[in-house]
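Go by the hints and put chain Z onto chain W.
Number of protein chains: 2
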Amino acid sequence: MTDQEFIQQFRLPEPVHVTRPAMPDLKDYVEYLTGIWDRKWLTNAGPLHEALEREISSFLGVPHLSLFCNGTIALLVALEVLDIDDGEVITTPFTFPATTHALHWNRIRPVFCDIDPETLNLDPCRIEPLIGPETRAILPVHVYGRPCAVEAIQKIAEKHGLRVIYDAAHAFGVKYNGKPLVSYGDLSVLSFHATKLFSTIEGGALISGSDLQRKRVNFLKNFGIADEETVVGPGINGKMNEFQAAFGLMQLKMVDYEIQNRGAIAALYRDGLKDISGITMLQEAHDTEPNNGYFPILIDAERYGVTRDELFAVLRQCNILARKYFYPLISHASCYASLASAAPSNLMVAERVSRQVLCLPIYGDLEPAVVRHICRVIAECRQSVSRHDDGAPIYRQARV
Amino acid sequence: MTDQEFIQQFRLPEPVHVTRPAMPDLKDYVEYLTGIWDRKWLTNAGPLHEALEREISSFLGVPHLSLFCNGTIALLVALEVLDIDDGEVITTPFTFPATTHALHWNRIRPVFCDIDPETLNLDPCRIEPLIGPETRAILPVHVYGRPCAVEAIQKIAEKHGLRVIYDAAHAFGVKYNGKPLVSYGDLSVLSFHATKLFSTIEGGALISGSDLQRKRVNFLKNFGIADEETVVGPGINGKMNEFQAAFGLMQLKMVDYEIQNRGAIAALYRDGLKDISGITMLQEAHDTEPNNGYFPILIDAERYGVTRDELFAVLRQCNILARKYFYPLISHASCYASLASAAPSNLMVAERVSRQVLCLPIYGDLEPAVVRHICRVIAECRQSVSRHDDGAPIYRQARV
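Here the protein sequences line up with chains W and Z, keeping their order.
Here the working numbering is used: the first residue of the first sequence is 2, the next is one more, and so on.
Here the working numbering is used: the first residue of the second sequence is 2, the next is one more, and so on.
So that you can see chain W by itself, here it is in the shape it has in the complex:
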């Protein structure tokens, strides 16, 4: 089969994105809008905002939750409320840029720590050697919603008097050892961006450790304003508006169903990919109720015969828009690359994983036939890749 024939055979008629938001019923959404129109109360802790805060708290089982306009601003405020505004914080390079940038905005130098090859989360064995006199906190990420080594990290933090802030952007609804994953650490931050399992269009939340702390978070997300005449600190605008909150109230009703459907899709992928040499799926996390938010695979080019970038390009030509979450490592960005801890030799696992990883499409109403089709493309691509005389695969060209 020529490359052209391959693409012709496997190209889907419509692009399949890596994810797609579950849209609530528009009619029901308009009912919420009618209330907003009546009240003319569009933002600043409106009644829908307050209702969503209560409902998410209850759904997740965490008492001290504050909504935000997006997860990034929640991260900024998380550091601010803990008074972490200088020194160093130990974090992972295998993450979305927001994690590291939040440190920048709080005047903190990131110290990159390598990841565990099984969990793809911060490797707890590598944290302690990085702790120095300026270390203030650890900022791990529950990548793909899979739990970090929370007990080990907590032990290290307690031993050295450090704070732990979890970037739990992917971890909505995940339970670990029967507890909400976002209840571990000093603070956790969720993202409700449109690409997330649970969404408020844009949005996020900060889970505080106490009601007092939550109160201060709520001041800080509203410019530090405690009352009409008191500003208690250098706050920011992190407010979620009523239109976002209404969307969230409806999404919340659908999220159990979404998690379940994604679970079925993940099972289909597991079955469809299990016999392809060179394609590795992550082990299911132990003691965890997962949310199935992402479906990452790792491509070992030597065994699979095709590199991750080549497979990515083939899939794209077939209208299958997989994403390289996370490549390149954020430690490669020019603003961080000169840090000693950003040296690739310090981050061998993360470097390799970022070159191998690909997140496949997953969302509640993704059709099983499409999932099976994607698995078949991945299986066939391995067998049918053709090469130029110099051995370079044809697909590499097609990508340019």
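Think of the hints as simulated: they come from the structure by calculation, not from any bench.
Some hints here could point you the wrong way.
Chain copies aren't distinguished; within one or between two, either way the pair holds.
Computed cross-link-like contacts, SDA-like style, restricted to lysine to any residue with a CA-CA straight-line distance of at most 20 angstroms [as the list claims (entries may be wrong)]:
1) Lys254 - Val63
2) Lys180 - Leu131
3) Lys41 - Lys254
4) Lys41 - Val31
5) Lys216 - Ser335
6) Lys325 - Asn223
Using the frame of chain W, we list chain Z on its own:
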């Protein structure tokens, strides 16, 4: 008349807020939503976002405009894109906290400069003595949408090699010398919060000086992401979503009408308050097409016989929710009060004005009868205030 009788006579049946958003037709808004539901594209430079950016650019007459989730994040990015990330910036204490907090998030020490007693904006005569080796920029505010002394400020900036960033949160649509006010300075930042003349629920915009700069701003508001594999700087999430953009597209059609209606209300206030001793209104700004966004008055307690706080309390009891924009000065907030420039003796005009100012209700569909009523309350309050034996006005009690 006793105080009780006064309140009984003048209390409005429903609260009149200092402002109220003009709500577009819900049916038309739902049409926009239908498109969003079809596309399932909720944020990240969606088609409505792109359309609104073009339409506001054209409406304001500025070519290089970027939308933001709110004006505060736009301010953070304005400083970042100019590489102002340390040192000092000269700014006004007579502003909403966001102005000063933006400096905090960019690691900059604010240097407070007193205001001009006529314009209530940064006094250009007082700027130069504050310039030192660490000064990087000037961050003035067009308070109430009234132009700063833009020529004088530009001259000082050029002489000393400083940048000028205007906080133009209030200045939507204002023209000065026939030019858009937001085209002055290196950059300007608008707010589209629900309390503003033109609103996108929450929202804001940054007006850049060139297309190249705008491009970088657009990267920075999306985490610094230039393409799928390149992060060009420590960005943030400043994205406006499609629901906000749809609201803005409809508000934009109403904004000329809103400006005109507010102009009529301002004229009513001017007429109704002109003979009350001790109540000062601001002179209309010269060479300016105003937007009538706010209607501030200054209360001279000695001449009026009642303090600003007492009048505020009386109005509140009458369901007239005037606001003390801006009191106290942000230089009083605990996070800034210890700065040398925050000393009240350096900020005599701003200190006095912040104790005297009150913003009266103004919005397009505020009924003329209510405006006349408010004027009457202010006139009558002066004459009928009763006092305790020790001279303290009764209203002061009522406030507690």
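Right, here's what the structure says about each hint:
{"no.": "1", "hint": "Lys254 - Val63", "result": "within (18 angstroms within a copy, 43 angstroms between copies)"}
{"no.": "2", "hint": "Lys180 - Leu131", "result": "neither (29 angstroms within a copy, 55 angstroms between copies)"}
{"no.": "3", "hint": "Lys41 - Lys254", "result": "between (25 angstroms within a copy, 18 angstroms between copies)"}
{"no.": "4", "hint": "Lys41 - Val31", "result": "both (15 angstroms within a copy, 16 angstroms between copies)"}
{"no.": "5", "hint": "Lys216 - Ser335", "result": "between (37 angstroms within a copy, 18 angstroms between copies)"}
{"no.": "6", "hint": "Lys325 - Asn223", "result": "between (35 angstroms within a copy, 17 angstroms between copies)"}
Hint compliance for this structure: hint 2 is the single one not met.
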